[in-house]
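All chains, full assembly: derive it from the sequences and hints.
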Amino acid sequence: MPNEPAPMLLWSPSVELKQQSNMQHYMTWLAETRGLQFTTYDELWRWSVDEIEAFWASIWEYSGIQSSTPYTTVLSSHTMPGARWFEGARLNYAEHIFRQATTSHPAAIFQAEGRPLTEVSWAELESQVTGVAATLRELGVRAGDRVVGYIPNIPQALVAFLAAASLGAVWSSCSPDFGSPSVIDRFQQIEPKVLIAVDGYRYGGKAHERLGAVREIHAALPTLEATILVPYLDPAATGNDLEGRVLTWATASATPGTLQFEHVPFDHPLWVLYSSGTTGLPKAIVQSQGGILIQHLKELTLHLNLKPGDRFFWFTTTGWMMWNLLVGGLLTGSTIALYDGSPGYPDMGVLWKYVEQAGITFFGTSAGYITSLMKSDVHPGAEYDLHTLVGMGSTGSPLPPEGFEWVYAKVNAELWLASVSGGTDVCGCFVGGTPLLPVYSGEIQGRMLGVNAQAFDTDGSSVTGVMGELVITEPMPSMPIYFWNDPDGRRYRESYFEVYPGLWRHGDWIVFNEHGGVVIYGRSDSTINRQGVRMGTSEIYRAVEAIPEVLDSLVIDLEGLGGASYMPLFVVLRDGVSLDKALEQRIKTAIRTALSPRHVPDEIFAIPDVPRTLSGKKLEVPVKKILMGAPVERAANPDSLKNPELLPFFVELAEQLKAR
Numbered sequence: 001m002p003n004e005p006a007p008m009l010l011w012s013p014s015v016e017l018k019q020q021s022n023m024q025h026y027m028t029w030l031a032e033t034r035g036l037q038f039t040t041y042d043e044l045w046r047w048s049v050d051e052i053e054a055f056w057a058s059i060w061e062y063s064g065i066q067s068s069t070p071y072t073t074v075l076s077s078h079t080m081p082g083a084r085w086f087e088g089a090r091l092n093y094a095e096h097i098f099r100q101a102t103t104s105h106p107a108a109i110f111q112a113e114g115r116p117l118t119e120v121s122w123a124e125l126e127s128q129v130t131g132v133a134a135t136l137r138e139l140g141v142r143a144g145d146r147v148v149g150y151i152p153n154i155p156q157a158l159v160a161f162l163a164a165a166s167l168g169a170v171w172s173s174c175s176p177d178f179g180s181p182s183v184i185d186r187f188q189q190i191e192p193k194v195l196i197a198v199d200g201y202r203y204g205g206k207a208h209e210r211l212g213a214v215r216e217i218h219a220a221l222p223t224l225e226a227t228i229l230v231p232y233l234d235p236a237a238t239g240n241d242l243e244g245r246v247l248t249w250a251t252a253s254a255t256p257g258t259l260q261f262e263h264v265p266f267d268h269p270l271w272v273l274y275s276s277g278t279t280g281l282p283k284a285i286v287q288s289q290g291g292i293l294i295q296h297l298k299e300l301t302l303h304l305n306l307k308p309g310d311r312f313f314w315f316t317t318t319g320w321m322m323w324n325l326l327v328g329g330l331l332t333g334s335t336i337a338l339y340d341g342s343p344g345y346p347d348m349g350v351l352w353k354y355v356e357q358a359g360i361t362f363f364g365t366s367a368g369y370i371t372s373l374m375k376s377d378v379h380p381g382a383e384y385d386l387h388t389l390v391g392m393g394s395t396g397s398p399l400p401p402e403g404f405e406w407v408y409a410k411v412n413a414e415l416w417l418a419s420v421s422g423g424t425d426v427c428g429c430f431v432g433g434t435p436l437l438p439v440y441s442g443e444i445q446g447r448m449l450g451v452n453a454q455a456f457d458t459d460g461s462s463v464t465g466v467m468g469e470l471v472i473t474e475p476m477p478s479m480p481i482y483f484w485n486d487p488d489g490r491r492y493r494e495s496y497f498e499v500y501p502g503l504w505r506h507g508d509w510i511v512f513n514e515h516g517g518v519v520i521y522g523r524s525d526s527t528i529n530r531q532g533v534r535m536g537t538s539e540i541y542r543a544v545e546a547i548p549e550v551l552d553s554l555v556i557d558l559e560g561l562g563g564a565s566y567m568p569l570f571v572v573l574r575d576g577v578s579l580d581k582a583l584e585q586r587i588k589t590a591i592r593t594a595l596s597p598r599h600v601p602d603e604i605f606a607i608p609d610v611p612r613t614l615s616g617k618k619l620e621v622p623v624k625k626i627l628m629g630a631p632v633e634r635a636a637n638p639d640s641l642k643n644p645e646l647l648p649f650f651v652e653l654a655e656q657l658k659a660r
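Using full-length UniProt numbering, the first residue of the sequence shown is number 1, and each one after it goes up by one.
Incorrect hints may appear among the rest.
What the hints assert, rightly or not - Here are the computed lysine to any residue pairs in the SDA-like style, where the Cα-Cα straight-line distance is at most 20 Å:
| id | residue 1 | residue 2 |
| --- | --- | --- |
| 1 | Lys307 | Ala101 |
| 2 | Lys581 | Val600 |
| 3 | Lys353 | Glu113 |
| 4 | Lys581 | Val632 |
| 5 | Lys206 | Tyr345 |
| 6 | Lys206 | Asp347 |
| 7 | Lys658 | Asp602 |
| 8 | Lys410 | Glu383 |
| 9 | Lys193 | Thr248 |
| 10 | Lys588 | His208 |
| 11 | Lys658 | Pro401 |
As the list claims (entries may be wrong) - Listed next, with one range per pair, are the computed distances between beta-carbon atoms:
| id | residue 1 | residue 2 | range |
| --- | --- | --- | --- |
| 12 | Leu551 | Asp385 | 52 to 62 Å |
| 13 | Trp29 | Ser342 | 41 to 51 Å |
| 14 | Pro438 | Asp488 | 17 to 27 Å |
| 15 | Asn240 | Arg574 | 22 to 32 Å |
| 16 | Pro638 | Pro501 | 22 to 32 Å |
| 17 | Gly460 | Arg46 | 19 to 29 Å |
| 18 | Leu36 | Val651 | 49 to 59 Å |
| 19 | Glu53 | Asn240 | 53 to 63 Å |
| 20 | Trp29 | Pro235 | 43 to 53 Å |
| 21 | Ala207 | Leu9 | 22 to 32 Å |
Hints in this document: simulated from the structure, not taken from any laboratory.
For clarity, every value in this text was computed on a predicted model and none was experimentally measured.
All residues carry an ideal CB built from backbone N, CA and C; glycine is no exception.
Right, here's the structure in full:
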């Protein structure tokens with residue numbers, strides 16, 4: 001908690017690293033072109049949030065963003081929601097990707113379970129994107145239409161996204177380990193015109209056939225004009241038994257044409273990501289072509305220090321926003337590294353072997369993966385040649401001090417570890433790394449440029465050195481332009497702006513300390529965050545409570561507990577039913593099938609009833625606070641509860657968890 005001893009200094013950037021960093025180059029550029037002199041990162045950050053229009057205008061110019069028409073204003077107003085960025089500008093995200101096509105290094109490298117390491121040249125990428133874009137045009141896809149992918153992190157996913165973006169179409173994707181019900185809940189909302197899907201995939205040494213799921217998804221999407229099948233598991237798969245018009249990837253990617261880029265307004269939708277609340281369907285979050293472009297150029301160039309020739313890898317699936325950020329690495333001239341498969345198969349060294357063979361320079365992953373490594377016998381620095389690796393990223397959940405220290409002890413004492421935190425909601429980071437600052441154990445280095453992040457106490461005052469709610473007090477270009485099927489914006493406002501009107505409340509507990517470091521203590525709301533993939537509790541309840549023996553349920557994600565996400569599920573059973581191994585397995589299978597393997601609970605407990613408020617709302621956040629060690633009187637008001645007699649059970653469980 002915040003009143004802990006001073007953190008251990010683990011790393012400081014060398015003078016050479018600071019001088020050669022993109023951040024320092026940007027500061028020098030500001031001095032030369034704007035007459036702005038900054039001697040510290042904190043001074044630069046303060047200017048970036050105090051003079052927000054001047055800051056984002058400088059990023060536009062520094063990054064060389066190309067627009068067929070000039071913008072008239074940087075920011076229409078500071079009102080949230082409703083702020084509009086760079087009005088008048090027309091551009092295309094994919095066009096900025098292909099500005100790098102003249103470089104000699106590959107666009108991407110790829111490896112998957114059972115497949116050799118391969119390279120994708122810029123010429124190959126351009127040829128494939130040209131073919132798929134021409135096919136989409138023939139299928140009637142126009143700017144604003146939706147193209148969706150049920151596809152793993154493979155080159156075809158990259159191609160499909162860029163092809164859609166080049167047309168001004170809107171992309172959305174789900175990983176094929178998602179069950180068809182959760183995919184349908186997402187894709188059905190946005191009424192796609194084309195589905196791009198794989199026949200199956202391999203994970204953990206096992207083949208997973210998905211044509212059955214593709215049939216179910218297709219049947220639930222009446223707006224589809226065609227399905228493009230990628231024969232990934234079985235090279236001979238054709239999809240002939242699927243309903244409707246089906247094209248194979250080979251056919252779709254070979255359609256002749258020329259690569260064209262539809263220029264669209266800055267706030268034209270680029271993609272739809274999904275982040276769930278506690279009730280209703282997953283929120284379909286729409287982010288803009290221009291907003292994502294300028295956000296990712298700032299974040300990847302300045303904060304992750306990516307340069308042409310770097311090899312940028314983040315272990316992710318297409319269902320996590322880190323895939324979208326990984327693709328953005330192409331904007332910097334870096335080669336992006338794609339990987340499809342289990343991080344633990346055939347052993348926990350598989351990703352480190354990939355780093356060695358592919359010459360990765362920056363390796364991003366989840367905090368959960370790092371804590372899993374801590375429990376394994378892998379010693380990456382001693383067992384693999386990691387001489388190319390200069391940076392490592394961690395996100396998805398809070399990385400504990402022990403995780404930081406393990407990286408420096410077992411990977412490389414000279415490595416820059418950039419722990420970052422943001423959200424699907426902005427497809428970027430609020431706090432994270434900078435090559436100009438030291439790394440302390442358990443701390444994120446600082447606030448990101450242009451992000452006025454604050455910790456608010458219960459009175460709504462900004463505080464330093466104590467835990468508060470993460471609040472963003474100024475607009476960001478990558479904030480959602482809207483939610484799909486939310487015409488009056490009510491759901492959007494309720495998601496972020498209800499607690500502090502006009503300010504973005506993100507739902508994290510956070511501390512900003514005196515020297516600028518940041519510590520996040522997990523979610524302050526009840527959203528489930530497993531390995532970076534967020535899911536609403538309502539989706540889990542629907543799967544669990546469909547089982548006849550289960551009358552009610554409560555799920556809690558103790559994100560970051562002991563360095564790893566721990567998710568218990570509590571179930572209320574029918575009279576005469578006991579929670580035996582067979583029922584536990586059925587519950588887990590139901591969640592795995594409807595949602596994903598990530599969202600299978602760590603433990604299941606039978607309880608007599610679910611604690612609720614007097615109005616009938618499940619006590620998700622108060623129970624979470626109790627299980628994280630908060631006293632009952634600070635977690636919930638018994639007078640407002642329907643059944644306060646249930647709380648001692650959770651207090652006792654909290655003690656047991658603490659003793660483990």
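Checked hints:
At most 20 Å may separate the alpha-carbon atoms for a hinted pair to count; Lys307 and Ala101 meet this at roughly 14 Å. With a C-alpha separation of about 15 Å, the suggested pairing of Lys581 with Val600 holds against the 20 Å cut-off. Distance restraint check for Lys353 and Glu113: the Cα-Cα separation of roughly 12 Å lies within the 20 Å cut-off, and the hinted pair is therefore satisfied. Between the alpha carbons of Lys581 and Val632 the distance comes to roughly 32 Å, so the proposed pair goes past 20 Å and is violated.
Proximity of Lys206 to Tyr345 is assessed by CA-CA distance (about 10 Å); at most 20 Å being required, the pair is judged to hold. Of the pairs offered as hints, the one joining Lys206 and Asp347 holds, with about 14 Å between alpha carbons and a cut-off of 20 Å not exceeded. This hinted pair checks out: Lys658 and Asp602 have alpha carbons roughly 16 Å apart, not beyond 20 Å. Note on Lys410 and Glu383: the hinted pairing holds, with a Cα-Cα distance of about 10 Å set against a maximum of 20 Å.
Annotation: proposed proximity of Lys193 to Thr248 holds, straight-line Cα distance about 16 Å (limit 20 Å). Among the hinted pairs, Lys588 with His208 is consistent with the structure: their alpha-carbon atoms are about 18 Å apart, no more than 20 Å. Proposed proximity of Lys658 and Pro401 is supported: the alpha carbons are some 17 Å apart, at most 20 Å. Between Leu551 and Asp385 the beta carbons are some 56 Å apart, a value that agrees with the proposed interval 52 to 62 Å.
About 43 Å separates the C-beta atoms of Trp29 and Ser342, a value consistent with the hinted range of 41 to 51 Å. Separation of Pro438 from Asp488 is about 47 Å and departs from the stated range, judged on CB atoms against 17 to 27 Å. Taken as a hint, the range 22 to 32 Å is violated for the pair Asn240 and Arg574, whose Cβ atoms sit roughly 45 Å apart. The hinted range of 22 to 32 Å is satisfied by Pro638 and Pro501, whose Cβ atoms lie roughly 30 Å apart.
Between Gly460 and Arg46 the Cβ separation comes to about 22 Å, which falls inside the hinted range of 19 to 29 Å. Take Leu36 and Val651: their Cβ atoms lie about 54 Å apart, and the range 49 to 59 Å holds. Between Glu53 and Asn240 the beta carbon distance is about 56 Å. The supplied range of 53 to 63 Å therefore holds. Range check, Trp29 to Pro235: about 49 Å between beta-carbon atoms, so the 43 to 53 Å window is met.
The beta-carbon spacing between Ala207 and Leu9, approximately 48 Å, falls outside the hinted interval of 22 to 32 Å.
Hint violations for this structure: numbers 4, 14, 15 and 21, all remaining hints satisfied.
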